[in-house]
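Q: Model the full assembly from the supplied sequences, consistent with the hints where possible.
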Amino acid sequence: MSRPEKELNTQVTQVVFTSEYIAPWALPKEEIPVHLVWAPNMNFDCIQILLAPEMTVKEFYNVESFERLNTEIIVRKLHSPNFFGFVVTSIEQIKRSHEKKEITINFIVDGKIQQSRIFTANIYRPELSVIEKPDVIILKDDSNLKELVTISLKLSGFGRMEISTELGLGGKFEPNVEPLFQEMTRRLTTTFRKDISNLEKKKKIEINPQFVKQTTQAFIDSIRKGEMPIKMNMSDIEDFKKWIGDDSNYEKIVKLVSEHLENILIDSLLYYFNRYPTEGVALSGGSPSVIIKSADKNMKLRFRYKDSLHNEYEPVQVEIAIKDLRTTERDKELELPVNIKWVHEQISPTAEEVKC
Amino acid sequence: MLSGAEIGTAIAVAQATKELLKQLNEVSEELKPFKPDVRSFRIDYLGRNSEVKYLLLIPDGIRRHLQRKIEIPAITGFRFYEMWDLDKMEPVNSPWAFNGEKWSLDVTKLPTSEKYWLTVKGRISKEFLDQLVSVKAAENPARAKENDFYWIHSALKNVDAFEKIWTELNIEQVNADVRIGVERMFTSAIPQGVKDKLELQKKLLDAITAGNRDEEQRLKIKYRTSKVKFTPSELSELFVRLVSGDFFADFVQVGQPFIMNNIEPIKEPGIIVPEKVKVGVQTDLTYKNPAANGNLCFFRHKYSLAVTERVKEILPLQKK
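Chain order of the listed sequences is A and B.
Numbers 1369 to 1724, taken from our numbering, label the letters of the first sequence in order.
Numbers 4 to 323, taken from our numbering, label the letters of the second sequence in order.
Everything labelled a hint here was simulated from the structure, so no lab data went into it.
These numbers come from a predicted model, not from an experiment.
One or more hints might be untrue.
To be verified - The calculated lysine-lysine pairs, modelled on DSBU-like cross-linking and capped at a C-alpha distance of 35 Å, are:
{"#": "1", "chain 1": "A", "residue 1": "Lys-1508", "chain 2": "A", "residue 2": "Lys-1665"}
{"#": "2", "chain 1": "B", "residue 1": "Lys-148", "chain 2": "B", "residue 2": "Lys-129"}
{"#": "3", "chain 1": "A", "residue 1": "Lys-1620", "chain 2": "B", "residue 2": "Lys-232"}
{"#": "4", "chain 1": "A", "residue 1": "Lys-1522", "chain 2": "B", "residue 2": "Lys-281"}
A: Okay, here's the thing in structure tokens:
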């Protein structure tokens, strides 16, 4: 089907629409509603929708029949005569922080455009980049490990991000385990053999029982699935897994976890504070730490990130050389916290259109 | 391509619509001797109720004797809610009887009036509403100075089946949920001293559990001399208060044609402090006004200040 000429539309656009709308901003793949409402006496043969090739219509409002021809859609029949709408999304993620996609809607009479509206879909994404990092870290006997590694990460584009850190270990990247469960496992594996009644009986605090139930269950499930923190004594873990996997111990398990409630509460609060280090960022696993086993190896970190709709973007990698100038205990394992400085350069969709 | 689950949902939705229409047709069919005329069809989106109003003509004459009793099987799921005598403009006292299987109306017991107004109420499923109405809100807010904005949109999706039967359709209280992230407000309101104290408490509890007496004594002294006084549960209770509807309502505003509805925190499993607050906004949709759009404004900065203020109240000695 040939497209009707666009030039015709300028002289007839001032009419009839009582309401016209496109959601003013969206993330990649977010559903963007569009609608037009007009007086029921407007006549037309069909409605033509012209989309940018990266866009797709996911759903129609009030449309009885339509034809899809690549980036063109012809709406043949409506249910109710006075309105129509649809939900459009971008098919893929976008490359730049903000991309505009045009959507043209033409009302056709006798093969000519009678009315026309051009909408712009504004699509935004968040962006993460490294702007500063040390090339080399020099380890000395008196090094203050807490302040040795600082990297600057820039947050740009639009939208919240969920960042997860991975540590480079022998060529592979391993996720940084969620500290809440890591702490719980560590605590429980060291105490599960003890007589429960001796443990922390005196602490009586009130915690939402639903929270306790959910946390306990999520924790038990993750252990049973084999999701164990990496920095733990293997034999303890094996015994503990066996114990926790045994359904006949279920009551004891729940009791043990519940008796650690105050710890859990403290852990959760600390976890929470670490999880949101700055505006617009959720850092799963909190700030990363790198364990250094042998000297003179490069330290590798990878930051994976997603937006609120779980679109995952190209990860950011950091590699820092480590020079070990320690004179004593050179084989000692070191935990090296990575400090992150956040630099905010986010943009926001124009707020002119958004009034309350 | 649709997945198996999507096809399943689509079929369920189609069935739900078909079922409702079938049931309404059944009711209309049974009422046929009295020339039922549907005057309005109203759906309460939030309450998931439907309400149909019929105008019935039941003249006191031969027709009442030919058709003494109307019976409608309970399977339709409708309740025969009330009946008005339109000639006298007064309600008719319980004309409909229900025996667990059927609703029945003995027309011979009706007053001599001719025109009646019958209201029938039914329940409707969420799937059915999802097929009828679309609601959407921005996933992430735009920011202007100290405030965050979320766009909101609702529209009728498929009114075909209804329009063929009724000239009026009202879908009331169409609800859209806006999810507002508040986690960072709390994190930044909590002074470092509190975080340090929590770390200390954690170490102390570990030392007690592990039976390390020396460490326990050392940490206890440090703990007692700490200037920050609070219990972890006080802190988490405060957070819960700050995301309650009562407190949060002052910091959100919604533009026309929407009005504010329920506000409640969203609780994720395993997370003790709510990270998001769900604000319900509602509007009505009709054939004439089939779509609605507006914005919700969250006074981010004002809320953040209020949070910091409340934290100070329970942690008066927060900084050295």
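Q: Now tell me if each hint is right for this structure.
A: Now the hints, each set against the structure:
The suggested pairing of Lys-1508/A with Lys-1665/A holds, with an alpha-carbon distance near 15 Å, which does not exceed 35 Å. This hinted pair does not check out: Lys-148/B and Lys-129/B have alpha carbons roughly 38 Å apart, beyond 35 Å. Distance check on the hinted pair: Lys-1620/A and Lys-232/B sit about 34 Å apart at the alpha-carbon level, within 35 Å; holds. A distance of roughly 30 Å separates the Cα atoms of Lys-1522/A and Lys-281/B; the hinted pair therefore holds under the 35 Å criterion.
Taken one by one, the earlier hints fail for this structure only at number 2.
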